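Given the sequences, and given the hints that come with them, work out the whole structure.
2 protein chains.
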Amino acid sequence: MKNEITLIKVGGAVVEDEDRLQRLLTDFAAIGGRKVLIHGGGRKATKVASQLGIETRMVGGRRITDAAMIDVVTMVYGGLVNKRLVASLQATGVNALGLTGADMSVILSDKRPVRDGVDYGFVGDVRQVDGHRLTALIESGVTPVMAPLTYDGAGHLLNTNADTIAAETAKALADCYDVTLIYCFEKKGVLRSPDDDDSVIPVITPEDFERLKSEGIVSDGMIPKLENAFDALEKGVSRVIIASADNLDGTQGTVIKKR
Amino acid sequence: MKNEITLIKVGGAVVEDEDRLQRLLTDFAAIGGRKVLIHGGGRKATKVASQLGIETRMVGGRRITDAAMIDVVTMVYGGLVNKRLVASLQATGVNALGLTGADMSVILSDKRPVRDGVDYGFVGDVRQVDGHRLTALIESGVTPVMAPLTYDGAGHLLNTNADTIAAETAKALADCYDVTLIYCFEKKGVLRSPDDDDSVIPVITPEDFERLKSEGIVSDGMIPKLENAFDALEKGVSRVIIASADNLDGTQGTVIKKR
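Listed in order, the protein sequences are those of chains D and C. Quick note on our numbering: the first sequence kicks off at 228 and runs consecutively. Quick note on our numbering: the second sequence kicks off at 228 and runs consecutively.
Calculated directly from the structure, the hints in this document are not laboratory data. Hints may be right or wrong, so weigh each one.
Copies of the same chain look alike in the list, so a pair counts if it fits in one copy or across any two.
Said to hold, decoys possible - Under the rule of at most 25 angstroms between Cα atoms (straight-line distance), these lysine to aspartate or glutamate pairs were calculated in the DMTMM-like manner: (1) Lys-338 x Glu-245; (2) Lys-415 x Glu-245; (3) Lys-274 x Asp-293; (4) Lys-485 x Asp-402; (5) Lys-262 x Glu-366; (6) Lys-414 x Glu-434; (7) Lys-271 x Glu-282; (8) Lys-485 x Asp-458; (9) Lys-484 x Glu-454; (10) Lys-271 x Asp-293.
Computed from a prediction, not measured in an experiment: that's the story for all the values here.
Spelled out as structure tokens, the structure:
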């Protein structure tokens, strides 16, 4: 029987809310056994970029990462956000280690090709997560804290969506572990009515997903999040849950099921 | 017989000179066997702070690190500088891992107390380097790349002089390894005449050091660097060399000797 491991992905909005973040870190520290924290970046990078006189350009809700912007996200995500999380977790007794994909080459990615005339710049699509390296760290008692930055194998960091990093890391660890992946954010789960915080959909199967999409109940950023979740389940991850950052124990929120 | 390990400390001025840095990284990659890179920060933090509207205050050549400034140095040293070094080293085949003192609590420090009315703020004096953790990483084939940031054990990163981190790390590794510590910078070694780049003093013993200080040949930042070096030698480090970033093989520069 495989050992259990819990992967928690925390979004930028939670990272930026100091009170909520402290509660989340306390709850994360209370999770027994092996665990990994994956964090997003949030708007702090946009704010720092603006103060540095660097314009933030978005296409279809996605950040264009030029040479100046990859330096900013490396500073903010890889430095400020990641190291503050590591320091805070150490204070709660979690032996945290901050990682980008370049550290020990744990996450290799490919620079996204120009498509339909859109050049996203230094943005990476994950090619491979080194599950062996991560497993060795985890078995030595370390809790990886992963920033949304990957490595192109040729000297460059690439900006990468944290939801994707969470799903790919979960898949890579599924060979060795019984993996629970929890996407946590500011809502209680996937909501039937966006304005009703208690309208959490308890379970979503692939058939439900198609229906919810066609009904327009699931849209925008939730679609790739759910696609990532189903992909992770297909590739051996045991459980995927979308929940509030205030409920890390997996007892509430929306459970994503293979069938 | 202990295995050999080489620690290279590279200063901020080298980190900021792109051509010189690339040569240094190539030379670092060529060093056989176990190794560690410790880097300084340089003026980039001052520049970023200024762009973010944060004033840099210095007392006696040392940076006052208030709450806003520790965020800046965490971004710049722990994020930008550290992760770019890691990515560049990975591209040369070195299995680099970026570390601050908070990561796995490898370097604990004490916040410097207010003395003579001067509050340096979030500045740390090293208490303990975890040689066991570092040794385990190194023996697994990893090359630590250490940023000039330490950890207070209570959730906070502290700004710490990179020369000190290099010496303390060298001492902590001396239990397990035959340690060579090379401080490399933009000059060829400790110079007898600051304007003559070929006036390198080949060897400095403690007696030489006292004479050179009294003659004013060694002054300013070189004094704590040499004090760090002698302390490291007293605590079991085998060799300390002060050399040019262009000569990492230890065949040139100034050799610091115990007697």
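Results of checking the hints against the structure:
Taking identical chains as interchangeable, the C-alpha atoms of Lys-338 and Glu-245 lie at most 25 angstroms apart only when they sit on different chains, with a minimum of 23 angstroms there against 33 angstroms within one chain. Taking the closest pair of Cα atoms, Lys-415 and Glu-245 come within 25 angstroms of each other only inside a single copy of the chain (19 angstroms); across copies the shortest separation is 48 angstroms, beyond that limit. In this homomeric assembly, Lys-274 and Asp-293 come within 25 angstroms of each other (Cα to Cα) both inside a single copy, at 16 angstroms, and across copies, at 20 angstroms. In this assembly of identical chains, Lys-485 and Asp-402 lie within 25 angstroms of each other by CA distance solely inside one copy; the values are 18 angstroms within and 53 angstroms between copies.
For a Cα distance limit of 25 angstroms, the shortest separation of Lys-262 from Glu-366 qualifies both inside one copy, at 11 angstroms, and across copies, at 24 angstroms. In this assembly of identical chains, the alpha carbons of Lys-414 and Glu-434 lie at most 25 angstroms apart only when taken from the same copy (23 angstroms versus 68 angstroms across copies). Taking the shortest Cα distances, Lys-271 and Glu-282 sit within 25 angstroms of each other both inside one copy (14 angstroms) and across copies (20 angstroms). Taking CA atoms no more than 25 angstroms apart as the test, Lys-485 paired with Asp-458 passes inside one copy only; the shortest distance there is 9 angstroms, against 61 angstroms between copies.
Proximity of Lys-484 and Glu-454 under a CA criterion of 25 angstroms is satisfied intra-copy only: 12 angstroms inside one chain copy versus 63 angstroms between copies. In the homo-oligomer, the alpha carbons of Lys-271 and Asp-293 lie at most 25 angstroms apart both inside one protomer (17 angstroms) and across protomers (19 angstroms), since each shortest distance falls under that limit.
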